[in-house]
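In the order they appear, the protein sequences are chains E, V and H. Counted the way full-length UniProt numbering counts, the first sequence spans residues 1 to 283. Counted the way full-length UniProt numbering counts, the second sequence spans residues 1 to 325. Counted the way full-length UniProt numbering counts, the third sequence spans residues 1 to 349.
Hint data in this document are derived by calculation from the structure and do not stem from the laboratory. Don't take every hint at face value.
[Said to hold, decoys possible] Not the full set, but computed from the structure, chain V residues with beta-carbon under 7 Å of chain E:
1. Leu64
2. Arg95
3. Ile98
4. Ser105
[Said to hold, decoys possible] The following residues of chain H were derived to be distant from chain V, with all beta-carbon distances above 10 Å:
5. Arg42
6. Ala45
7. Thr146
8. Arg153
9. Ser184
10. Gly185
11. Leu222
12. Pro287
13. Arg288
14. Ala297
15. Ile298
16. Gly306
17. Gln315
18. Ala348
[Claimed, not checked] If you anchor each label on the Cβ, the simulated ranges turn out as follows:
19. Gly311/H / Ala130/V: 55 to 65 Å
20. Ala305/V / Arg42/H: 50 to 60 Å
21. Val89/H / Thr27/V: 52 to 62 Å
22. Arg42/H / Gly224/E: 15 to 25 Å
23. Asp138/V / Arg188/E: 18 to 28 Å
24. Ser52/V / Ser70/H: 18 to 28 Å
25. Phe89/E / Ser52/V: 46 to 56 Å
26. Arg152/V / Cys109/E: 31 to 41 Å
Where a beta carbon is used, it is the ideal one built from N, C-alpha and C, also for glycine.
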Amino acid sequence: MSAALASAPSAWRRATRSPGLVVGLAVVVAVVALALAAPWIAPYDPNEQDVLSPLAPPSAAHWFGTDFFGRDVLSRVIWGARISLSVGFLATAAGVVAGTVIGIVAGYCGGWTDRLITAATDVLLSFPQLIMGLLLVAVLGPSIGNLILAIAVTAVPAFIRIARGSTLAMRQRDFVDACRALGFSDLRIMFGHLLPNIMDEVVVLASLWLATAIRTESTLAFIGLGVPPPTATWGGIVREGFDNLLDAPWLSIFPSLAILAVMIGLNLIGDGLRDATDPRGAP
Amino acid sequence: MSAGPLLEVEGLSKTFTIRRGFPVARTATVRALDGVSFRVGRAEALGIVGESGCGKSTTARVALRLTPADGGAVRFDEQDVLGASAGAMRALRRRMQIVFQDPASALDPRQRIGASLGEPLRVHGIARGAALRARVADLLGEVGLPASAAGRFPHEFSGGQRQRIGIARALALGPDLIFADEPVSALDVSVQAQILRLLESLRQARNLAFVFISHDLGVVRHFCQRVTVMYLGRVVESGPVGPLFEEPLHPYTQLLKVSSPVPDPERPVAMTLQEGEPPSPLSPPAGCHFHPRCPHAFDRCRAEAPPLREAAPGRAVACHLYAQA
Amino acid sequence: MSEAATNGAATNGAAPAPARAGATRVPGADLLRVEGLTTQIRIGATWFDAVREVSFAVQGGETLALVGESGCGKSLTALSIMGLLAPRVGRVAAGRITVDGVDMTAASERQREAMRGDRLAMIFQEPMTSLNPVLTVGFQIGEALTRHRGLSRRAARARAIALLDRVRVPSAAARIDAYPHQFSGGMRQRVMIAMALACGPRVLVADEPTTALDVTIQAQVLALLADIQRREGLAVLLITHNLGVVASVADRVLVMYGGDVVESAPVRAFFARPTHPYAEGLLRAMPRVDRVQELAAIPGQVPTLGEMPDGCRFQSRCPLRVERCRERPPLAALPGRPDHAVRCWVRAA
């Protein structure tokens with residue numbers, strides 16, 4: 001049986017064979033490409049008002065219709081993707097970096113350092129993530145920077161927890177002691193040896209958290225704590241359309257579909273990566 | 001160059017605290033090492049044998065300061081190891097290395113073999129660039145692996161090959177002493193013999209001393225010159241391999257010997273239906289730890305722990321049966 | 001009750017002549033018979049022969065040792081006998097396995113299930129992972145009795161205490177409600193043996209039963225197994241890598257390499273004259289505590305299943321290799337020694 005295990009394909013090859021992961025990647029890459037290409041592909045300026053045709057239903061001229069101010073919804077969704085995605089990416093990246101570093105330190109150093117960090121993490125985790133984001137934005141004030149900061153802070157405890165747990169497991173391996181016996185510094189062991197070995201789990205969680213971060217941004221925007229108008233973000237567009245939900249449902253439906261697509265895409269990626277990196281899931 | 005022993009371990013003690021239980025955790029202590037002493041000469045292989053929980057692995061970890069000691073002294077080439085400053089310790093680490101039992105766990109799975117062997121050389125400023133690559137190739141050659149192994153990852157190798165890599169890494173800094181913690185226990189017999197022969201040739205070629213930790217008396221008899229037997233954190237007997245295994249003094253060593261299977265149907269292991277599980281290290285018996293399993297135990301054994309004393313030239317035993325009085 | 005019915009049906013259906021009547025105690029009857037067993041395992045999309053045409057028989061009261069190193073097919077042979085190969089990864093491709101007169105290869109999964117834990121029992125290497133950590137040992141020992149024998153919970157519990165006592169767990173009645181983690185390694189292995197014995201099996205497959213134990217505990221467990229075997233007339237198939245254990249407890253030995261049986265002999269004859277170059281090499285590679293001998297390593301390593309050479313599978317590491325080794329040698333008896341067979345062109349000539 002050991003021969004069968006030894007020749008098991010690498011995680012990457014397993015990953016690329018998983019249809020969910022491939023579909024998820026395709027969706028997310030497509031949305032990111034659209035966002036990046038916004039200046040060239042968006043048919044209208046997202047903030048240009050056409051007072052003559054407010055609340056126009058989808059048509060050849062305006063595929064997604066227009067909003068109350070006569071702005072093209074398609075263009076606003078495309079431009080909105082830029083803000084929503086970059087807030088999500090930046091916030092997740094900041095949360096991942098901070099959480100992973102703190103988690104590795106806690107797991108490797110142990111003792112009081114670990115107890116202190118774990119206690120703080122538990123306190124933070126006991127707040128619902130959305131409420132914490134809401135509180136932070138309310139205190140800091142709505143701006144893109146603060147939004148990113150708030151969402152990042154909500155992500156940190158989850159990454160501390162997973163990085164600490166993986167580090168504790170990895171620390172049991174003899175190679176960590178081999179490194180110490182060879183006279184390597186703690187920093188080198190933590191970030192040269194432990195970090196690469198726990199990245200799998202961190203990346204899986206990050207892809208799932210990216211979805212959460214984008215959703216949080218949209219939710220905060222929807223309740224009016226997002227990026228201030230008139231800047232288009234997905235949550236903001238949904239909110240603006242909400243007032244006319246019954247007579248012009250397209251205003252909210254199309255940005256909601258965009259959010260949904262990215263959520264599904266990112267979750268497919270996360271699940272696919274988890275299956276690919278978890279040896280128990282090997283076929 | 002001094003003529004004293006290379007490694008001197010004196011009265012080493014280590015107590016672990018375990019917190020167990022829910023909802024109210026209780027604290028229990030395990031005396032993993034209880035006044036362990038031994039010496040290793042230059043280019044000498046000392047075996048430490050004993051069963052699980054006897055503290056043999058802890059001895060290596062504490063002596064290398066991978067785990068802090070509670071008491072006792074370790075002197076390497078007449079330098080104090082346990083009290084060494086960070087700088088002095090870094091220098092000492094170049095001279096004392098360790099090889100682990102499980103070669104799969106002992107290598108960083110994300111690091112190519114070349115990086116794994118080269119990193120200590122870079123960290124200690126021994127070599128860089130082309131010189132470093134040449135050193136890595138030499139190391140691989142020394143343990144019988146092709147230079148092309150440098151570009152591969154640990155999982156691409158078999159258990160025996162990985163153990164060779166672990167040995168090469170321990171050799172990278174040119175040590176004088178290697179702690180080998182069950183280095184062949186995870187390997188099949190045919191591969192085990194390959195690794196033992198490799199270690200033997202390295203010992204001679206490099207004038208290496210070994211602290212060779214094993215539960216397998218046959219392996220220790222083959223590889224070592226002297227042996228120390230441990231039971232529940234204490235040294236119970238020590239001496240040269242031949243006499244010690246031919247004629248073990250301590251009743252525990254005797255039990256170990258008759259229980260060790262040999263490939264000879266005329267000499268089956270002594271199979272007794274009697275009980276005699278080793279006691280839990282959490283609550284070792286008073287007096288001599290071995291007395292509940294000992295066929296010769298008498299009152300004194302239950303009350304008083306026998307000290308390790310010389311029983312014959314070069315041989316020491318901790319047993320009241322051999323007390324001169 | 002339905003298991004008992006199936007059980008009976010299987011017996012009546014498959015064993016025409018002496019097996020059932022004599023099943024209680026006939027020394028000399030083959031309780032386990034394996035004929036031409038070929039087991040394949042799947043790697044990627046390809047099925048490889050991991051056990052090739054293995055045949056042997058074990059009588060009541062006899063211990064047959066299957067020895068070899070990792071990947072030699074000894075554990076797969078055990079799993080094939082138990083019908084416990086992981087589906088989709090392993091399969092019995094050919095051969096016949098008969099346990100106490102019942103043809104296991106022809107039996108349905110239900111019938112095999114009725115045999116397992118009843119007349120055919122197995123103990124594993126690692127008692128901690130083989131026992132369920134959240135159930136008491138008493139429940140686990142009694143489970144086979146409630147399943148296979150239809151005993152009430154109370155009766156099963158009483159029997160479980162007797163069994164724990166039988167395997168010499170001290171104060172059995174008090175420890176029956178303890179959980180596996182409250183036992184030491186040696187005691188857990190005793191619990192596993194008690195489980196295996198619950199229904200009074202005829203055939204016991206022991207896969208590295210003492211490998212995870214310290215030597216002094218190993219000696220106790222081996223003694224216990226030998227005692228039980230002698231009293232109950234069990235046929236024991238002992239899977240091990242340890243030639244010392246083989247020498248101590250086995251009656252016959254089968255050495256496996258690369259899925260082939262390369263040597264088969266009574267234990268004394270084997271250790272007196274190991275004949276296959278691999279078996280000889282193994283013995284010379286084993287350091288011994290009772291004497292000093294030069295260690296001779298077998299060069300190289302076991303090829304993976306995909307790289308196995310045609311013909312003799314040991315040829316790539318064999319010091320005696322000749323041209324003819326490209327053909328697969330038969331397992332042939334040595335001249336004048338009908339019970340000592342070797343699969344080697346050079347040595348069996």
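* To do: State the violated hints by number, sorted upward, taking the hints as numbered earlier in the document.
  => When the structure is compared with the hints, numbers 2, 9, 10, 11, 12, 13, 14, 15, 19, 21 and 22 turn out to be violated.
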